[in-house]
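Line by line, the protein sequences give chains A and B. The opening position of the first sequence corresponds to residue 1421 in the working numbering, with each subsequent residue numbered one higher. The opening position of the second sequence corresponds to residue 1421 in the working numbering, with each subsequent residue numbered one higher.
Derived by calculation from the structure, the hints in this document are not laboratory data. Heads up, some of the hints might be wrong.
Pairs involving identical chains hold if they fit within one copy or between any two copies, as the list cannot separate such chains.
As the list claims (entries may be wrong) - In silico DSSO-like cross-links for lysine-lysine, where the CA-CA straight-line distance does not exceed 30 Å:
id, residue 1, residue 2
1, Lys1530, Lys1428
2, Lys1715, Lys1428
3, Lys1530, Lys1680
4, Lys1530, Lys1715
5, Lys1671, Lys1623
6, Lys1497, Lys1577
7, Lys1766, Lys1668
8, Lys1530, Lys1637
9, Lys1489, Lys1766
10, Lys1716, Lys1428
11, Lys1577, Lys1715
12, Lys1577, Lys1428
13, Lys1497, Lys1668
14, Lys1497, Lys1623
15, Lys1428, Lys1573
16, Lys1623, Lys1530
17, Lys1497, Lys1715
18, Lys1716, Lys1489
19, Lys1716, Lys1671
20, Lys1716, Lys1573
21, Lys1671, Lys1497
In case you want the letters, here they are:
Protein chains: 2
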Amino acid sequence: MSANELRKDYLLNRRVVIAVERRRRPTDFVKKVREEKAGVCPFCPGNEHMTPAAMLVYVPFNGGIRRDKDQNGFRHKNWLIRCIPNLYPAFTPIGKKKQVRVKDSPDFVKAVGHHEVIVESPRHDEHPSVAQIPQLVHVVNAYLDRLEELSAKAYVKYVSIFRNHGLEAGASLSHAHTQVITTPFVPRIIGEELGASRRYWMKNDQCAFCEILTREKAGPRFIWENGSFVAFAPWASVHPFEFWVFPKTHKSTLENVSRKEIEDLAVALKVCLGGLRSLLNDPPYNFGFHIAPNKKDSNHYHWHLEVYPKLTVWAGFEKSTGVFINLVPPEDAAENLREAVQKEEKGL
Amino acid sequence: MSANELRKDYLLNRRVVIAVERRRRPTDFVKKVREEKAGVCPFCPGNEHMTPAAMLVYVPFNGGIRRDKDQNGFRHKNWLIRCIPNLYPAFTPIGKKKQVRVKDSPDFVKAVGHHEVIVESPRHDEHPSVAQIPQLVHVVNAYLDRLEELSAKAYVKYVSIFRNHGLEAGASLSHAHTQVITTPFVPRIIGEELGASRRYWMKNDQCAFCEILTREKAGPRFIWENGSFVAFAPWASVHPFEFWVFPKTHKSTLENVSRKEIEDLAVALKVCLGGLRSLLNDPPYNFGFHIAPNKKDSNHYHWHLEVYPKLTVWAGFEKSTGVFINLVPPEDAAENLREAVQKEEKGL
């Protein structure tokens, strides 16, 4: 690439300038010093009283795990996974009072829903990039458990499973954890993807994402694959070193994935996030699962995971226009990540 | 407010959770220490050779100012305002080669356009919050000059005028400056506002923004007004302490504003940004002008300025869903800003 390019997302009305004139290399983003907040970790074993009671714990049982919960004041101590309500929820469960609609407001509704934390390991630093695969299989299973329970509620229209890693990416606690938020509406970005992929399907009788996958698997933005998953840097990457992980089998949501897919996803998380970690010295990042909220979208939607390294700042232009500037061409990002992820895989 | 609220923007399909359960006060955002990058400032007088030649300078002349430019190797030294190309442009002027469309890409176009810097003052620290009003009048006039010249070009579909203040808000140089980027398309957020306000106008024969202004002027989110402008915290503020500045007279763009409006905008910038500065100890922020790109939108669009303090981080939930969580109810923000801005006005 010799000139800046303006790219539009596969489906979204989202444009990105791939700005080669100020192109950056991985080393430009590597921070030498990392600060760490001191203090007692409320997610570490022994501190269970510092958080609300768990609605789900995995505890060792007969060489496998048993699902249970904290109740009647009792708190499990020997857990492998611990799911708890967020102490400061953005969305809160429906109460006894009826929802109110306030006059004199363009659009008002109570933020009804759930906001939970999945503590991924009793070991403070067992982040996916360095975790043991069996532990990551527990993590993925916990995602599925929470998704299944929460999406069954009538007032839940979407379940967002996301992870913030590092202070700069919004993680106020450094203990390995994922968050789950349910919304009483379909979020904008998911809604736009659903609409565009539905239109594509009506016109072409094909899943747009399946076609994207076929194209990207064979191209310069390919990063890695295993039996069930493909990782690639998306064409119109918004963030430097952004990558997406797609299941090879067309499925619209995480429910009903096979045991093989769960294990393969655990491996994908480990090697892809491990590659990102080794390439950029454990950078802050966010990830979010994108899933179809309804069965009616099962033909045209294809669930996936999007990973956004947090290496730059969105400033006045991005925030006031919704247009993004990315200093790393996704082809460069993929080349660097490909090598780093392959090394991680060899280390398994 | 006793429970979290879910609010939708006046016009955009943009939702925000006003999260009172983790509500923050102004003092929670005040940073005690500010770092400052050392080194030579390329925007300071005497260092004009460190930047490209200016396409516009204001120089003192007969007690007023004269417009000129650098040419034939000559660089003006005694400027009051200096407009230069950005050394690392996101968008670049149209070249001799024809635009190419690459096959095998969903949507590709060269990032054709302009990316400029308006150096707001020869004095390094003369940011709007502390500037002299006559200097701020020059700044506003420079916005108008660049807007007029750039928007006349056939390949320019939108002119974004925005400001990044502070390292955390993306300002890599601390000398007072604004940036201008032109895009060969109408940006998403502007396009959505245009569409929604057009629909409102067709239905109600009224400018949606004029109605918003009437309502907000009389309500709990009002902050400040002078003869020509009103500042308020928007109903569905995305950012803590976000505020918008609207002209009282319906106009779709900044062109054709009167001398009185220019002076009143200079005052609005000074007292509103001054209030923000004093309330939160000179926080990082971004601002962006929203204007209609075409005359055909003059009935229904209403130009304005949006100011986004940079006090929190958008994390995995925001980035993967397009839904936002704001820890400061705009009513609280307005109450605090109202007092702070009034103090600034008294100090004029």
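Status of the hints after comparison with the structure:
For a Cα distance limit of 30 Å, the shortest separation of Lys1530 from Lys1428 across copies, 11 Å, qualifies, whereas the shortest one inside one copy, 34 Å, does not. Taking CA atoms no more than 30 Å apart as the test, Lys1715 paired with Lys1428 passes in both settings, with 28 Å inside one copy and 26 Å between copies. With identical chains, the CA atoms of Lys1530 and Lys1680 are never at most 30 Å apart, being 40 Å at best within one copy and 43 Å at best between copies. In this assembly of identical chains, Lys1530 and Lys1715 lie within 30 Å of each other by CA distance solely inside one copy; the values are 26 Å within and 39 Å between copies.
For the homomeric pair Lys1671 and Lys1623, the shortest alpha-carbon distance inside one copy (20 Å) is at most 30 Å, but the shortest distance between copies (41 Å) is not. In this assembly of identical chains, the alpha carbons of Lys1497 and Lys1577 never lie at most 30 Å apart, being 33 Å within a copy and 61 Å across copies at closest. In this assembly of identical chains, the alpha carbons of Lys1766 and Lys1668 lie at most 30 Å apart only when taken from the same copy (22 Å versus 65 Å across copies). In this assembly of identical chains, the alpha carbons of Lys1530 and Lys1637 lie at most 30 Å apart only when taken from different copies (25 Å versus 43 Å within one copy).
Proximity of Lys1489 to Lys1766 under the C-alpha cut-off of 30 Å is found in neither arrangement, the shortest distances being 38 Å within a copy and 59 Å between copies. Proximity of Lys1716 to Lys1428 under the C-alpha cut-off of 30 Å is found in both arrangements, the shortest distances being 27 Å within a copy and 26 Å between copies. Taking the shortest Cα distances, Lys1577 and Lys1715 sit within 30 Å of each other inside one copy (12 Å), while across copies they are farther apart (40 Å). Taking identical chains as interchangeable, the C-alpha atoms of Lys1577 and Lys1428 lie at most 30 Å apart whether they share a chain (28 Å) or sit on different chains (16 Å).
Proximity of Lys1497 and Lys1668 under a CA criterion of 30 Å is satisfied in neither setting, with 38 Å inside one chain copy and 62 Å between copies. In this assembly of identical chains, Lys1497 and Lys1623 lie within 30 Å of each other by CA distance neither inside one copy nor across copies; the values are 54 Å within and 61 Å between. Only between protomers do Lys1428 and Lys1573 lie at most 30 Å apart by alpha-carbon distance; the minimum there is 23 Å, versus 35 Å within a single protomer. In this assembly of identical chains, the alpha carbons of Lys1623 and Lys1530 lie at most 30 Å apart only when taken from different copies (28 Å versus 38 Å within one copy).
Neither within a single protomer nor between protomers do Lys1497 and Lys1715 lie at most 30 Å apart by alpha-carbon distance, with minima of 38 Å and 67 Å respectively. For the identical chains of this complex, Lys1716 and Lys1489 are neighbours neither inside a copy (33 Å) nor across copies (61 Å), given an alpha-carbon limit of 30 Å. With identical chains, the CA atoms of Lys1716 and Lys1671 are at most 30 Å apart within one copy only, with a shortest distance of 12 Å there and 45 Å across copies. With identical chains, the CA atoms of Lys1716 and Lys1573 are at most 30 Å apart within one copy only, with a shortest distance of 17 Å there and 47 Å across copies.
Taking CA atoms no more than 30 Å apart as the test, Lys1671 paired with Lys1497 passes in neither setting, with 36 Å inside one copy and 64 Å between copies.
Hint violations for this structure: numbers 3, 6, 9, 13, 14, 17, 18, 21, all remaining hints satisfied.
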